[in-house]
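Using the sequences plus the hints, can you model the full thing?
Number of protein chains: 2
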Amino acid sequence: GFTQVPLESARSTKHGVHRGMSSVTIPPPACMLRPLEAPFRYLFGPGPSNVPPRILAAGGRPIIGHMHSEMFGIMNDIKKGIQYAFQTSNNMTLAMSGSGHTAMECAVFNIVEPGESVLVAINGIWGERVAEIAERMGAKVHTLFKTPGGHFTNAEIEQALAKHKPVLFFLAHGESSSGLVHPVDGVGDICHKYNCLLLVDSVASLGAAPLLMDQQNIDILYTGSQKALNAPPGTAPISFSERACHKMFNRKTKPVSYLLDMTHLSNYWGNDGKPERKYHHTGPVSGFFALRESLAILAEMGLENSWSHHTEVAEYLWKGLEDLGLKLFIKDKDLRLPSVTTIAIPEGYDWKELLAYIMKHHQIEFTGGLGPSVGMVLRIGLMGYNCNKANAAMALAALEDALKQCRKSKA
Amino acid sequence: GFTQVPLESARSTKHGVHRGMSSVTIPPPACMLRPLEAPFRYLFGPGPSNVPPRILAAGGRPIIGHMHSEMFGIMNDIKKGIQYAFQTSNNMTLAMSGSGHTAMECAVFNIVEPGESVLVAINGIWGERVAEIAERMGAKVHTLFKTPGGHFTNAEIEQALAKHKPVLFFLAHGESSSGLVHPVDGVGDICHKYNCLLLVDSVASLGAAPLLMDQQNIDILYTGSQKALNAPPGTAPISFSERACHKMFNRKTKPVSYLLDMTHLSNYWGNDGKPERKYHHTGPVSGFFALRESLAILAEMGLENSWSHHTEVAEYLWKGLEDLGLKLFIKDKDLRLPSVTTIAIPEGYDWKELLAYIMKHHQIEFTGGLGPSVGMVLRIGLMGYNCNKANAAMALAALEDALKQCRKSKA
Chain A
342 GFTQVPLESA RSTKHGVHRG MSSVTIPPPA CMLRPLEAPF RYLFGPGPSN
392 VPPRILAAGG RPIIGHMHSE MFGIMNDIKK GIQYAFQTSN NMTLAMSGSG
442 HTAMECAVFN IVEPGESVLV AINGIWGERV AEIAERMGAK VHTLFKTPGG
492 HFTNAEIEQA LAKHKPVLFF LAHGESSSGL VHPVDGVGDI CHKYNCLLLV
542 DSVASLGAAP LLMDQQNIDI LYTGSQKALN APPGTAPISF SERACHKMFN
592 RKTKPVSYLL DMTHLSNYWG NDGKPERKYH HTGPVSGFFA LRESLAILAE
642 MGLENSWSHH TEVAEYLWKG LEDLGLKLFI KDKDLRLPSV TTIAIPEGYD
692 WKELLAYIMK HHQIEFTGGL GPSVGMVLRI GLMGYNCNKA NAAMALAALE
742 DALKQCRKSK A
Chain B
342 GFTQVPLESA RSTKHGVHRG MSSVTIPPPA CMLRPLEAPF RYLFGPGPSN
392 VPPRILAAGG RPIIGHMHSE MFGIMNDIKK GIQYAFQTSN NMTLAMSGSG
442 HTAMECAVFN IVEPGESVLV AINGIWGERV AEIAERMGAK VHTLFKTPGG
492 HFTNAEIEQA LAKHKPVLFF LAHGESSSGL VHPVDGVGDI CHKYNCLLLV
542 DSVASLGAAP LLMDQQNIDI LYTGSQKALN APPGTAPISF SERACHKMFN
592 RKTKPVSYLL DMTHLSNYWG NDGKPERKYH HTGPVSGFFA LRESLAILAE
642 MGLENSWSHH TEVAEYLWKG LEDLGLKLFI KDKDLRLPSV TTIAIPEGYD
692 WKELLAYIMK HHQIEFTGGL GPSVGMVLRI GLMGYNCNKA NAAMALAALE
742 DALKQCRKSK A
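If you read the sequences in order, they're chains A and B.
If you're matching positions, the first sequence starts at 342 in the working numbering and goes up one per residue.
If you're matching positions, the second sequence starts at 342 in the working numbering and goes up one per residue.
One or more hints might be untrue.
Identical copies go unnamed one by one, so any copy, or any two together, can satisfy a pair.
As the list claims (entries may be wrong) - Below, a list of computed lysine to any residue pairs in the SDA-like style, where the Cα atoms sit at most 25 Å apart:
(1) K619 to E694
(2) K595 to E454
(3) K619 to R382
(4) K660 to A738
(5) K615 to E473
(6) K595 to F486
(7) K595 to L711
(8) K619 to P713
(9) K693 to E469
(10) K593 to G479
(11) K595 to G479
(12) K672 to L711
(13) K481 to P455
Just so you know, these hints were derived from the structure itself, not from any lab.
The following block contains the structure:
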């Protein structure tokens with residue numbers, strides 16, 4: 342700290358701006374003179390998940406400048422780590438300075454021009470959000486719709502592509518609001534047949550369920566830092582295929598957001614091949630430190646191991662839930678998202694009461710539904726660092742206790 | 342950690358999505374199997390500044406959920422901390438999940454509707470950015486222009502307001518690209534006379550130079566986390582007056598960005614008076630922990646003390662620079678930004694060479710100009726935690742050494 346300077350040393354000046362020094366009227370708030378407090382929680386909802394000490398330590402390191410050469414080296418590492426996690430060789434691979442929604446807006450803002458058609462598969466909240474984003478920026482939005490838990494056949498997708506001729510088709514691979522992992526095989530090929538780009542959301546699924554950006558012909562893929570990657574929320578990996586780059590770098594109009602303009606972001610990330618990186622915005626240095634660490638952990642473990650491991654723990658959890666007499670919301674095992682399990686709300690229970698009991702007595706977060714699935718499901722997420730049988734057993738024990746106690750309180 | 346699962350346990354399924362488990366072709370990148378490295382640097386540029394251990398520790402704490410009641414408590418603390426730092430009683434006070442540019446876009450996107458007029462004072466990079474943002478979203482942009490180092494009289498501002506009848510006028514209080522602190526007294530009143538809202542950027546000045554949002558009749562004020570507040574980059578305090586709220590909550594069109602829509606953000610921050618907070622996006626939990634700590638440090642020290650202290654250290658630095666024979670870029674002492682000092686590039690020197698020498702031999706970051714001031718100035722920032730005479734002396738010694746060595750290498 343430094344010595345406090347007496348108020349008398351304040352100068353008043355001819356311009357008046359400094360006269361304010363004696364005009365402070367709002368006192369320091371009492372709450373800010375108390376230390377920060379945050380309880381320990383088992384974050385077994387759909388994310389954020391608990392951050393392992395190694396990633397917390399990386400994010401807590403002294404920072405360097407956002408434009409230092411060493412920072413560009415760290416960003417290059419992040420780019421390579423994302424290329425591995427996405428299984429892509431796309432040069433146009435980077436992390437957004439924001440959460441998954443930032444990546445979602447970035448994709449729509451850069452790919453679509455006002456007046457162009459967009460097709461959005463809505464079977465939960467994420468499609469709803471993309472439709473809203475596309476509508477606001479002036480796209481013609483067409484939708485394919487299923488209630489939560491539903492999924493789309495390739496034939497249904499092809500029919501809609503043929504009818505609406507969109508420039509972009511959106512599909513959520515990990516539909517965390519319903520607990521569904523959507524089939525992606527063949528969808529990219531169908532899109533390309535109709536001269537349409539394929540945008541996929543893997544926020545909830547990356548690292549937990551198999552996804553291969555290049556082999557599955559996905560044009561734009563994004564995820565979040567705070568799910569199976571276990572970094573704090575605030576950064577979002579994204580990648581664009583050459584086909585997507587061709588569309589977004591040959592637009593007639595500028596994207597509506599300066600902050601999310603890929604012309605600038607691709608320079609900031611050194612992806613545009615230009616020798617000099619220009620200042621665009623100040624990236625979240627600590628967030629990038631943490632993201633790099635989370636991608637390193639995934640690279641060390643290996644993608645296949647991470648996928649198998651999530652499936653194994655999920656199957657253990659699913660069996661335990663059925664043993665408790667609960668019904669899984671997604672009937673078909675192969676369509677269940679291994680990272681986020683949805684349970685049909687058991688009859689005779691108030692889902693809010695169950696969640697509150699578990700939070701209060703077990704310090705565990707589960708959540709209810711989200712958007713259209715509110716009131717339909719309870720959700721348990723075991724992702725990355727949180728994904729192990731010990732945590733699954735703890736989750737099951739908490740749920741068993743809640744099912745006994747909350748029923749009792751109703752009787 | 343957990344045990345690695347052999348690949349043979351991978352299941353293939355009828356939907357094909359799981360078949361990818363045996364198709365991984367891109368191996369883990371070698372760079373990600375090495376630990377994160379970042380050198381120690383004295384961040385004496387215009388920001389980010391060094392983050393004190395106390396704030397690093399807060400940002401490195403185990404996280405909780407973005408929608409937990411304790412998180413809302415922390416966000417309430419942050420709101421009060423910002424109200425104090427801004428000297429405002431505005432209810433509509435919150436932190437953006439992003440850097441200062443996010444706040445800039447949020448202000449323009451929410452206040453202005455397409456086709457409306459905006460007046461932007463450009464005397465450095467920040468006005469240029471606001472003009473670009475407003476143009477992209479469809480505003481009619483008018484500008485007031487000065488070369489870097491220049492400022493605007495209230496008469497000049499009034500003349501332009503009368504001529505262009507804008508709904509919003511932008512002014513940078515801390516013009517960090519030129520090192521200017523702009524007079525604000527009276528500007529709000531003039532704006533209101535012409536039914537215009539006043540938007541002020543205090544990214545580089547908050548906590549360093551006096552600014553009183555309510556008393557100076559500022560309608561929208563924002564800052565960044567990484568300057569005198571000393572938190573890592575990635576969050577940005579912002580506040581809206583009642584007059585600004587009236588305009589932005591009575592628009593005919595929706596703001597172009599869903600992510601930055603204040604209707605949703607005001608609910609997320611509990612400012613809209615509704616009993617339930619709905620999920621909008623996942624806020625940067627660690628970033629908010631760090632921001633709360635930085636605002637607490639400012640509350641403990643007191644605003645007046647912080648202002649006086651920055652002035653005292655800046656004057657010590659200015660005297661030292663003049664003793665080295667250097668010329669300060671802003672002649673009028675009262676218009677010099679205490680947090681970021683600009684030095685005219687001394688004759689006979691290559692500014693890039695000076696900066697590279699100081700970085701290499703002293704581990705200190707100074708910077709050159711930014712945007713229109715590139716090639717005009719060197720910049721030294723001493724903000725918050727970095728603002729003390731010991732650091733000023735270190736900066737002066739490094740510069741003295743560089744002036745000797747770099748001249749020598751030219752001879």
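Going down the list of hints, with the structure as the test:
1. Taking CA atoms no more than 25 Å apart as the test, K619 paired with E694 passes between copies only; the shortest distance there is 18 Å, against 52 Å inside one copy.
2. Taking CA atoms no more than 25 Å apart as the test, K595 paired with E454 passes in both settings, with 8 Å inside one copy and 18 Å between copies.
3. In this assembly of identical chains, K619 and R382 lie within 25 Å of each other by CA distance solely across copies; the values are 21 Å between and 41 Å within a copy.
4. For the identical chains of this complex, K660 and A738 are intra-copy neighbours only, at 13 Å inside a copy versus 68 Å across copies, given an alpha-carbon limit of 25 Å.
5. Taking CA atoms no more than 25 Å apart as the test, K615 paired with E473 passes between copies only; the shortest distance there is 22 Å, against 35 Å inside one copy.
6. Taking the closest pair of Cα atoms, K595 and F486 come within 25 Å of each other only across two copies (24 Å); inside a single copy the shortest separation is 31 Å, beyond that limit.
7. Taking identical chains as interchangeable, the C-alpha atoms of K595 and L711 lie at most 25 Å apart only when they sit on different chains, with a minimum of 23 Å there against 33 Å within one chain.
8. For the identical chains of this complex, K619 and P713 are inter-copy neighbours only, at 13 Å across copies versus 43 Å inside a copy, given an alpha-carbon limit of 25 Å.
9. Taking identical chains as interchangeable, the C-alpha atoms of K693 and E469 lie at most 25 Å apart only when both belong to the same chain, with a minimum of 24 Å there against 50 Å between chains.
10. For the identical chains of this complex, K593 and G479 are neighbours both inside a copy (14 Å) and across copies (15 Å), given an alpha-carbon limit of 25 Å.
11. Taking the closest pair of Cα atoms, K595 and G479 come within 25 Å of each other both inside a single copy (13 Å) and across two copies (11 Å).
12. Taking the shortest alpha-carbon separations for K672 and L711, only the intra-copy value of 19 Å comes in at or below 25 Å, while the best inter-copy value is 58 Å.
13. For the identical chains of this complex, K481 and P455 are neighbours both inside a copy (8 Å) and across copies (18 Å), given an alpha-carbon limit of 25 Å.
Comparing the model with each earlier hint shows no violations; every hint is respected.
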